[in-house]
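S.K.: Sequence:
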Amino acid sequence: MSSDAKRPKVEGDYVETRDERLQNFLQWCHEVELTISNKVFLSKEGTVAEYGMMAKQNIDEGEVLFSIPRNALLNQQTSKVKAVLEESKGILENTSGWVPLLLALMYEYTSPQSHWKPYLSLWPDFKALDHPMFWSKEERNKLLKGTGICQAVETDLTNIQKEYTDIVLPFIQSHSNLWNPEKHTLDLYKSLVAFVMSYSFQEPLKEEEEEEEDDNEDPNPPMMVPMADMLNHVSNHNAKLEYSPDCLKMVAVHSIQAGEEVFNTYGQMANWQLLHMYGFTEPHEENVHDTADIKNSVVHQAALQLAQTEEDQHLLTEKWSTLCDMGIVGDKGAFIFGKKGCLTDTELYTTLKVLCMEKDEFDAFQEDREWEEADDEDEVTQALSNEGLPDLAPTWRRLLHVATGIALNAYTEGVEADRMLLEDQEVLGRMNSRNRRALQVRYGQKMILRQIQQLTQSGSSTSKTS
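In the UniProt record's numbering, the protein residues as written are 1 to 466.
Simulated from the structure, these hints should not be mistaken for laboratory data. These figures come from a predicted structure and were not determined experimentally. Treat the hints loosely; a few may be bogus.
Said to hold, decoys possible - Calculated lysine-lysine pairs in the DSBU-like style (CA-CA distance at most 30 angstroms, straight line):
no., residue 1, residue 2
1, K142, K206
2, K39, K162
3, K117, K80
4, K190, K295
5, K80, K190
6, K359, K145
What the hints assert, rightly or not - Beta-carbon label-pair distances, calculated as ranges:
no., residue 1, residue 2, range
7, E154, N220, 23 to 29 angstroms
8, N409, N435, 51 to 57 angstroms
9, E260, K89, 16 to 22 angstroms
10, N409, T317, 45 to 51 angstroms
11, T346, E87, 26 to 32 angstroms
12, L186, S297, 31 to 37 angstroms
13, S321, S255, 38 to 44 angstroms
14, N236, S176, 48 to 54 angstroms
C-beta atoms are modelled at their ideal positions from N, C-alpha and C, and glycine is treated no differently.
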């Protein structure tokens, strides 16, 4: 830190920066009684990205780093436009459940007199948001082909356009005293969607709330949580947000040493999810929650390749139809693999089991409706773990091996091409952030798929699953 950095005129020593916006925000925190431990401070220096929180003293497990009163949270219930949004609840219903919050944010973000201005001013133009939805379609297809992100973004953009055109624009046109179509544009709406994706929180539902959930109303809408959204994410986090009736508290989940960054967690997120929803990634080797998908349709395609006769193909059609009727597979479904094995093991186990049955076995299976009897969970989990894959029955192993090869071929480049890029520090240093993040996503997925391919190759150990 610079020795002559200015400090905000608030109680405590929470920041060392010349950043006027950050100082104004901290003054606002003081006014709304958002309390911060004197063991931490906010900074852009020494953090993994943008703003972050650093420890300036050793912190013990269980210590509260800051506490946020409920009235400092920003959502449609605390916005100045609460009344009109409440009155129009029926016409603002949508599948995402985000429209009321986004309308509140549009109003508060553009209102010079907004109570939330010191907080929202931390994002003066949203240029720090670099979700793939802001990339060109050509750039997404070039850098992210095969990762699943391109399809997810296209769906997002279609839904955002439709939501704005069908719901938001007519609403703001009919409330011109609060919103202005020339100011509250589709581009602003899109930026605020990314803002909510990146920075909002959802309070966990209590058991009774889950039981009473109304199909027509989201009981757990997202909300903006000032200060909590300043913390960056890593899989191996050292703090978490806790909820109580009066406030939200960020609590250390283990000891944090002076000089270390304080990290929250956004959940068990694979790199493709982090990039899609938050616009960043972790190094693939550090993200213990990284995953790779093998689409249901890819397993079907692999089974078709292995069907040697017309009779085999006809039988496969019956088997696949049965799996669809069981709800095991679908047009948009996927089998998900983590670093230690399959995470959707029950679905994949049943799929391999059915697709690899002989005709008489399948006929008996259909007649007896054997699928209603669940397989032993521990056996299934072990069979589709990295340790169990080499011991699958040869027909199961071959089918999964071929499917993995098809999944790997969906990427533009092979595993080795990306590995060489990651190992060439000179080339890596010249890459822009989009290229580097896309590379982490691609390579992490390919490494998981290649591991499956290696574990299911022919010549493995004697099978145990029949």
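S.K.: Please go over all the hints and tell whether each is borne out by the structure.
M.R.: We went through each hint and held it up to the structure:
1. K142 / K206: Since the Cα atoms of K142 and K206 sit roughly 43 angstroms apart, the hinted pair is violated (cutoff 30 angstroms).
2. K39 / K162: violated, 47 angstroms
3. K117 / K80: Answer holds: K117 to K80 is near 12 angstroms, not above 30 angstroms.
4. K190 / K295: holds, 29 angstroms
5. K80 / K190: Distance ~22 angstroms between K80 and K190 Cα, so the pair holds.
6. K359 / K145: Cα-Cα ~38 angstroms, so violated.
7. E154 / N220: 23 to 29 angstroms: holds, 27 angstroms
8. N409 / N435: 51 to 57 angstroms: Taking Cβ atoms as reference, N409 and N435 lie about 22 angstroms apart, which means the hint is violated.
9. E260 / K89: 16 to 22 angstroms: violated, 45 angstroms
10. N409 / T317: 45 to 51 angstroms: Hint violated: Cβ distance 24 angstroms, outside 45 to 51 angstroms.
11. T346 / E87: 26 to 32 angstroms: Violated - the Cβ-Cβ distance for T346 and E87, about 46 angstroms, lies outside 26 to 32 angstroms.
12. L186 / S297: 31 to 37 angstroms: Distance hint for L186, S297 holds at roughly 33 angstroms.
13. S321 / S255: 38 to 44 angstroms: This hint is violated: roughly 56 angstroms between Cβ atoms.
14. N236 / S176: 48 to 54 angstroms: With a Cβ separation near 50 angstroms, N236 and S176 satisfy 48 to 54 angstroms, so the hint holds.
Comparing the model with each numbered hint stated earlier shows that hints 1, 2, 6, 8, 9, 10, 11 and 13 do not hold.
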